[in-house]
Every structure is written in C-alpha cells, then in structure tokens.
Amino acid sequence: AQSVTQPDIHITVSEGASLELRCNYSYGATPYLFWYVQSPGQGLQLLLKYFSGDTLVQGIKGFEAEFKRSQSSFNLRKPSVHWSDAAEYFCAELNAGNMLTFGGGTRLMVKP
Amino acid sequence: GAGVSQTPSNKVTEKGKYVELRCDPISGHTALYWYRQSLGQGPEFLIYFQGTGAADDSGLPNDRFFAVRPEGSVSTLKIQRTERGDSAVYLCASSLGLAYTGELFFGEGSRLTVL
Numbered sequence: 010a011q012s013v014t015q016p017d018i019h020i021t022v023s024e025g026a027s028l029e030l031r032c033n034y035s036y037g038a039t040p041y042l043f044w045y046v047q048s049p050g051q052g053l054q055l056l057l058k059y060f061s062g063d064t065l066v067q068g069i070k071g072f073e074a075e076f077k078r079s080q081s082s083f084n085l086r087k088p089s090v091h092w093s094d095a096a097e098y099f100c101a102e103l104n105a106g107n108m109l110t111f112g113g114g115t116r117l118m119v120k121p
Numbered sequence: 010g011a012g013v014s015q016t017p018s019n020k021v022t023e024k025g026k027y028v029e030l031r032c033d034p035i036s037g038h039t040a041l042y043w044y045r046q047s048l049g050q051g052p053e054f055l056i057y058f059q060g061t062g063a064a065d066d067s068g069l070p071n072d073r074f075f076a077v078r079p080e081g082s083v084s085t086l087k088i089q090r091t092e093r094g095d096s097a098v099y100l101c102a103s104s105l106g107l108a109y110t111g112e113l114f115f116g117e118g119s120r121l122t123v124l
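One line per chain: the protein sequences are A and B, in this order. Offset between the first sequence (1-based) and the numbering used here: plus 9. Offset between the second sequence (1-based) and the numbering used here: plus 9.
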C-alpha cells in the first residue's frame, strides 16, 4: 500500500538556524509530491509541489525541497527559520486514484 | 467566498446522534475532497467528488458515513449513529480540476467531538 513517512514527529530549531524536514514516499516511479503547512486555526496551505523536471523545487515563504529518487525522499529545507514558521508540516503524495496520501506530520517548534 | 468554508467549526455531540458537516468550496472548483484528521496524525482521505458524483468513496470507514454534493458545489458529510472514535477534525478541500493539475485549497476544518 502507498505510504508517506515523516520520521520526525517533533523538531525544535533555534530562530535563524537551518531546517530540514524528512519525507519518504513509497509509491510510483514518477511521483507527484507535495509539502503542506498547517498553522493553528488555519487550513492546510501548499508550500510547494514536485511533478517532474528539476529535482530542486522552490516554494513559498523561502522553503525548498529536493526530490531524490534513489532515496525515495522529498525533504523540505529552509536556510534560516523564523519564529512564524512554527507549525505542523505534512508531506503528501498523489496516488493513481487522484487522492493525496499524507504523512503523519512533523511539528516544528522555533526557539528564540 | 474567497476560500473554502466549513461549518460548523466545532460540533459536540453525544454518542449515537446524527451529525452533518457542511463544506462550501471555492466558486468554480469542480473537485471536492473530504479528509479526516485525528489528533496527532495526518489527514486521511474519505471521499472525493468530481462535479456532483462521488468519483471515489473508498476512504469512508463504514456505512455510517455518507456524503453528497447535489448541485456540484456545496457538499455535506453525514455521520449516523456517531461513535467516540469519530471524534476528529474533518477537512474539506477543493480544486479547479483534478488534484494533479493544480493545488488543493483546504478549509479550516470542522472539529467533531463525540461524548
């Protein structure tokens, strides 16, 4: 069965430090991959998506992600974290039935 | 409206009661999705509509759950004989076309608590 794994349930980083959130997918030779952010009291917001082409994709709010087929990974990165980035982050993959399968999420906390 | 609207934002009910959750998608969006998010987990797919018809309802957990979208716009998720395990945030999303062609826009969710 298709699955998306986010190994880190919680991550704490200091403001200004770099960030990498891990994601592994299990389905498809050419996956469609997404990262969403969920802030308290707000709906899920799309940060970026990968369909094909350049394996390094840029998103909103200074985020980027790199698709690595050999590792079945799609890790999210940001060079310098801001306090407002504290939220829950979800990796997702589109399956053949046109539904998104989400990982369990990583909760990011930012220390001042 | 500008975004996906879900009502109610919070619903507390007693075990065994009937519940309806409403989703008003972005105008013109033909695809509509329902997801369920339990505490500490990622959203789980329930059902998706393309227009008025349910294109895939394989995520509905059992026959107590049902969803409709009679005019291809507003959708209602209906839960009969609620159980404590149904407590979760129910998320609705819409998109202009199929998910792979564009972005899914999510509402803020309806938090259901079954006592």
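Careful, some of the hints might be misleading.
Said to hold, decoys possible - Listed next, the in silico EDC-like pairs over lysine to aspartate or glutamate satisfying Cα-Cα at most 20 Å (straight line):
no., chain 1, residue 1, chain 2, residue 2
1, A, 58, A, 24
2, A, 58, B, 112
3, A, 70, A, 97
4, B, 87, B, 112
5, B, 26, B, 112
6, A, 70, B, 65
I should point out that these hints are in silico values taken from the structure, not numbers from a laboratory.
For each hint, the structure was consulted:
1. A hinted pair counts as satisfied when its Cα atoms are at most 20 Å apart, and residue 58(A) with residue 24(A) does not qualify at roughly 25 Å.
2. Between residue 58(A) and residue 112(B) the alpha-carbon distance is near 9 Å, which keeps this suggested pair within the 20 Å criterion.
3. As the CA atoms of residue 70(A) and residue 97(A) are separated by approximately 15 Å, the hinted pair is consistent with the 20 Å bound.
4. Simply put, residue 87(B) and residue 112(B) have alpha-carbon atoms about 26 Å apart, too far for the 20 Å limit, and the pair is violated.
5. Restraint check for residue 26(B) and residue 112(B): the C-alpha separation of about 35 Å exceeds 20 Å, so the hint is violated.
6. Under the criterion of a C-alpha separation no larger than 20 Å, the hint pairing residue 70(A) with residue 65(B) is inconsistent with the structure, at around 33 Å.
Figure legend: structure checked against the earlier numbered hints; hints not met, in rising order: 1, 4, 5, 6.
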